[in-house]
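Chemist: Modelling step: build the complete structure from the supplied sequences, incorporating the hints.
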Amino acid sequence: MIMLTIKSESERVTRELGAKFAKILKPGMTVLLHGDLGTGKTVFTRGICEALGAANCKSPSFTLINEYKANNNLIIAHADLYRLNTQAEVDALGLDDYIDAPDCVLIAEWPERNNFWPSKNLIKIYFAALSESQREIKFDSDLNLDKILNSN
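Residue numbering for the sequence shown follows the working numbering, starting at 77 and increasing by one per position.
Rather than coming from a laboratory, the hints here were simulated on the basis of the structure.
Here the structure is a predicted model, which is why all the values come from computation and not from measurement.
Check the hints yourself; a few may be wrong.
What the hints assert, rightly or not - With a Cα cut of at most 27 Å, we get these calculated BS3-like pairs of lysine-lysine:
| # | residue 1 | residue 2 |
| --- | --- | --- |
| 1 | K134 | K214 |
| 2 | K214 | K99 |
| 3 | K102 | K196 |
| 4 | K134 | K99 |
| 5 | K200 | K145 |
| 6 | K134 | K102 |
| 7 | K196 | K223 |
| 8 | K145 | K134 |
| 9 | K83 | K102 |
| 10 | K99 | K145 |
| 11 | K102 | K200 |
| 12 | K214 | K96 |
| 13 | K200 | K99 |
| 14 | K145 | K196 |
| 15 | K196 | K99 |
| 16 | K83 | K200 |
| 17 | K83 | K99 |
Modeler: Put into structure tokens, the structure is as follows:
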């Protein structure tokens, strides 16, 4: 695995980082977003959605899963597992329908609530607040993301 750490100075920069990250997404990928409340997970996802032509990305905290139709008929499934307490509750969401789907990318917040994630096509991203506006974002992936994420 290749670990890449990037510091974001603002919500705008985090959203722009999500837009850059969107360039590497392909159907069948699963992206796990780790981090406390308010560290930028949904802002990052909003950047992904906007870059892929999917508007109105909102936090799925209460709906648990939001689906967005992006360019080229790609489906972005954005799940938030924060409110789930048991593996049975997670299983009832039907995440398996999204994992490895030929037309879908699954982005999951609070992935530690699920015991079973695929071992391939998986990218883990860790968000941490360094201050009120500054974030540290660590990418753990088999892909070399440095050129894409550190480009202007």
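Chemist: Given the proposed pairing of K134 with K99, does the C-alpha separation stay at or below 27 Å?
Modeler: Holds. K134 to K99 sits at ~20 Å (cutoff 27 Å).
Chemist: Take the C-alpha atoms of K102 and K200, compute the straight-line distance between them, and say whether it is at most 27 Å.
Modeler: Holds, at roughly 15 Å.
Chemist: Given the hint that K83 pairs with K99, test it: the Cα-Cα distance must not exceed 27 Å.
Modeler: Roughly 19 Å separates the two Cα atoms, so the pair holds.
Chemist: Do the alpha carbons of K196 and K223 lie within 27 Å of each other, as the hint requires?
Modeler: Holds - the C-alpha atoms of K223 and K196 are around 22 Å apart, at most 27 Å.
Chemist: Can the restraint linking K83 and K200 be considered satisfied, given a maximum Cα separation of 27 Å?
Modeler: OK: K83 and K200 at ~16 Å, within 27 Å.
Chemist: Going straight from one Cα to the other, do K134 and K214 come out at no more than 27 Å?
Modeler: holds (23 Å)
Chemist: Compare the distance between the alpha carbons of K196 and K99 with 27 Å, and conclude whether the hinted pair is satisfied.
Modeler: Holds. K196 to K99 sits at ~18 Å (cutoff 27 Å).
Chemist: Regarding the pair K83 and K102, is the alpha-carbon distance no greater than 27 Å?
Modeler: holds (25 Å)
Chemist: Given the hinted pair K145 and K134, is their Cα-Cα distance within 27 Å?
Modeler: Given that 27 Å is the threshold and the Cα spacing comes to 14 Å, the pair holds.
Chemist: Is the Cα-Cα distance between K102 and K196 27 Å or less?
Modeler: Holds, at about 13 Å.
Chemist: Are the Cα atoms of K214 and K96 separated by 27 Å or less?
Modeler: holds (15 Å)
Chemist: Does K99 pair with K145 here, judged by a C-alpha cut-off of 27 Å?
Modeler: Distance of about 16 Å is within 27 Å: holds.
Comparing the model with each numbered hint stated earlier shows that all of them hold.
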